[in-house]
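For reference, the chains in residue letters:
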Amino acid sequence: MEKEKKEYLDSLCLEFRKTLIKTLHAIQTGHPGGSLSVCEILTDLYFNDANISPENINDRSRDKIILCKGHAAPMLYINLAKKGFFPMEELKTLRQINSRLQGHPCTKETPGVEASTGPLGAGYPLALGVALADMHDGIDAYTYAILGDGEINEGVVWETAMNASKFHANRLITILDWNGVQLDGTNEEIMPMGDVALKFKAFGYNTIEVDGHDVSAISAAIEVAKTCKDRPTIILAHTVKGKGISFMEGDHSWHGKAIDDAHYEQAMKELGGEA
Amino acid sequence: MSKQIREVYGEALVKLGAEHQDVVVLDADVSGSTKSGMFGKAYPDRFYNCGISEYAMMGMAAGMAKSGKIPFVNTFAVFETTLGLLAARTFMSYSGLPVKMMGAYGGLSDAYDGATHHSLEDIAVMRTLPGVRVMVASDAATAEWMVKAAIETPEPMYIRLSRDAAPDCHPAGAKFTLGKGMMVKDGTDVTIIACGLMVSTAMDAAQELQSKGISVRVVDMYNIKPIDAELIIKCAQETGAIVTAEEHSVIGGLGGAVSEVLAKAGALVPVEMIGMQDTHGESGPYKELLRKYGLDAAAIGKACEKVISRK
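Which chain is which? The protein sequence lines are A and B, in order.
Take 1 as the starting number for the first sequence in this note's numbering and just add one per residue.
Take 1 as the starting number for the second sequence in this note's numbering and just add one per residue.
If you're looking for bench data, these hints aren't it; they were derived computationally from the structure.
Zero decoy hints are in this set.
Calculated lysine-lysine pairs in the BS3-like style (CA-CA distance at most 27 Å, straight line):
{"id": "1", "chain 1": "A", "residue 1": "K257", "chain 2": "A", "residue 2": "K22"}
{"id": "2", "chain 1": "A", "residue 1": "K22", "chain 2": "A", "residue 2": "K83"}
{"id": "3", "chain 1": "A", "residue 1": "K166", "chain 2": "A", "residue 2": "K201"}
{"id": "4", "chain 1": "B", "residue 1": "K41", "chain 2": "A", "residue 2": "K166"}
{"id": "5", "chain 1": "B", "residue 1": "K41", "chain 2": "B", "residue 2": "K15"}
{"id": "6", "chain 1": "A", "residue 1": "K108", "chain 2": "B", "residue 2": "K225"}
Chain B extracted, bound-state conformation (with noise of 0.2 Å):
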């Protein structure tokens, strides 16, 4: 079994601390939710713990980034970006302050505590906010490799991670590009685009669909924003039709994104969007909750079929 996401970037976050002594990482008494308690246990006089005020947080790594600071700043995605977001909008995204907003147990992945607690707009909203990157860890590897990156890269940014573990997406050793998408798995008839767990998924639906003839292509969009316009249209271009899959709403998420390349390039082709269905969530196995909600690989399967059959 693979590691959880929360557990890789937490060990991650006390790895690359140790270089960088600039980093400061603050949370809002969930550190032991989302593993930055790990970075606070290591290194005590750079970490935060700022109690249950999200806003605030937000706006006191806001004053830290300004101060030459790199601050990582921890809760649940669904209240970082809704609690946090007037600091966001104000001091990351218009004042360019370099703060690494990293969201905790993105979309389902809080699946037993139920709606108030999945998070499925966080992207649509953090996308709209100007200068600001938005990225999704599919695996281990990228989620490593994206704490490294906020490390190097003084820009504001939005990462979101996850509470669960996720089968290995990319071969050891994958180097990965801020602003690229990158192609897991060639193919034909159809392109999946897909971002954070659902790039395994899409994997599995991938496999299940080869025996019944049908090649696809899955490519992990691990960049929102700025977004691989490039590779979206070659995809489209080269099979011909493309399904996206996220944990979020279908709505100015991922599939959204990817809708607006093709219709700015006219590379008009059909087009599914796997993802929360314009709904909220409820409590359940977060399995089950995949399942119910059209967000396994059956559904993506389906959705390859549907699409292939508009060309």
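Isolated chain A, as found in the complex (with noise of 0.2 Å):
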């Protein structure tokens, strides 16, 4: 990735991050952690990797991203504004009565919403069936499904891994947001998971592991996921629950907890911003 990109894609994150902590500090409600984590993944596919714009939207020729980890809704909505499918604006109205930003995404009412996700696990599946569609259809698209690393407790993503792998789904992209820390604790204290790359290796994945937080990683990592004509292939990405917050990093109680004022000067100190 050239340098420029990087800092301009590294600038976006910073302000994303900042975006969030101001939108869930002033509705007092949202994910935090996950969404934190997920940053650098969502900003290089919406601003570098993938092809999805507001004029592009209605054809089918375009790339899709499905958040099945959807509580990270916060930050696929700071990400849609900035790409202009709505008012930055209207992040205030998140999670309040009468919005389009609904708790969890919801595609009937929010612009760009690829999929309505939340339950985990349930949007594995309907990604392979847009990008199995667009194969059918010899689309030359590609579809991103990011799931969390609690997420893949759910016996439905590895059912999709199963049919993924069946049907040779090499345009499905599996991007695993791995931060280690699911709701309740660590995946360790909660459901170890073991080798997470050979379990997906044994499903028939192509596996890439790399830094969850660097966009020129993702990206690259992409482009030989892009490379790979049989199979599908996910992209591990190790990443910190609550990056770059020092107080929420690795703490699973910022999972979904409300960020108190003075939380919320510290955090904005640390960003650099204005609180």
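Using the supplied hints, reconstruct the complex from the two chains, each of which is provided in its own coordinate frame.
Listed below in structure tokens is the structure:
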């Protein structure tokens, strides 16, 4: 990745983190931890790798991004607003009555939202279905499915993996936001998944491991994934839950906790922004 | 002997699949039973056998619908509406993706396999999902029409089929309509509102009651949701008593749906409900099961006499 591009994407990520903290502090609800860990993944997709914009949203030949871990909706909305799908101003209505911005993504309500997700695991087979329909019709597009690591506890993820492998879904590129922490504690405490890479390999996947906070590494992995013509690829993106805010990093209690004034001020200070 | 509903379904899929290239069919390793395999044989590139992964299959179908396909998902009704329910709720209902959820082996029709394979809650479950149509095929003609209507109507729907054969309930050339029921026999003393294979059983009951001088109207309520409220109220007003008959729990199914209409309209006539009385089934020959659980013509006849006595 060119230096300018990386600097641009990194600056976007910083801006998005500030917007996230401001938004969640203002509304006193929402999921900061998983939104912060998936920041670089979503930002690279929307602003670098995926061909998707308000102009081509109704065009089937564009790429698709399906955020299976729907609780990271705030970071998705921030990306979509920045892309121009709706005004930034609307972010303050998140999770409020009569808002288009639901607590979890709603495809009927929100411009740019690909699928209604939130029930963990459910979005993954939908993503595969989209990829298979495109492949059937010879459409030159990729479907990106973003999974959380707690999400892969769900049986349907593995049912989908079987199907993705059986149907040679090379147009499905899965990215695992592997921050190691789920709602109640670490993956190891709550549900140790063993060798995740080996598991996906055993299900027939091409696997790539990257630093999930390095946009250039994510982008390079996507390029490699696109060269794989016979199998689905999963990019195992090592991330940190709560990335960028020292007191949130790796702490499961920030999965879905409201940000009080003192924590808000400290968070904004760390991000170099105005509280 | 008339054809099994599942055979009619498989043939209709093949026939209409030729005209509609967007139709795709998914099955969960029971395509030989559901007869979706007939489509798979004819159009292998539009057929996805997902193995025994019902939940994933439902989600995949949703993704295909999102991409403009007309997916028909197939498995036993009981598995589709339990294992597949979260996908049905999130994608077909909440997102409005027009997947055609085909419930094979409805009711007790998978008789010998026993209670684990009977589907006695599917109508109740699917009926609660906003925006999802619910239909039940009563004979070959309705089954064939439902496949056509499913293809031509860009909405999510649940269609309950049967493993078994049903005598034809409708005259040749009968016109079916979304959201409507159909009177298959007129009468004045009581109306039996039935769905599925219970429609022909209701006709048998009506025949027997006729010899006792009781005039019975029979309605095939092949649309359970949205339901034909107008017809239900009309029958209540004109015959003054209603018996519902379904191969399903009496809780939340056709009996529930009809009662809701009557209660809301203030059309308070006596109602008796034929169906599974809050119990599971068991293994056995289909006809014997229907008799044991009060789903035969004799039981319907008794219910008619009882409901008339309550007028």
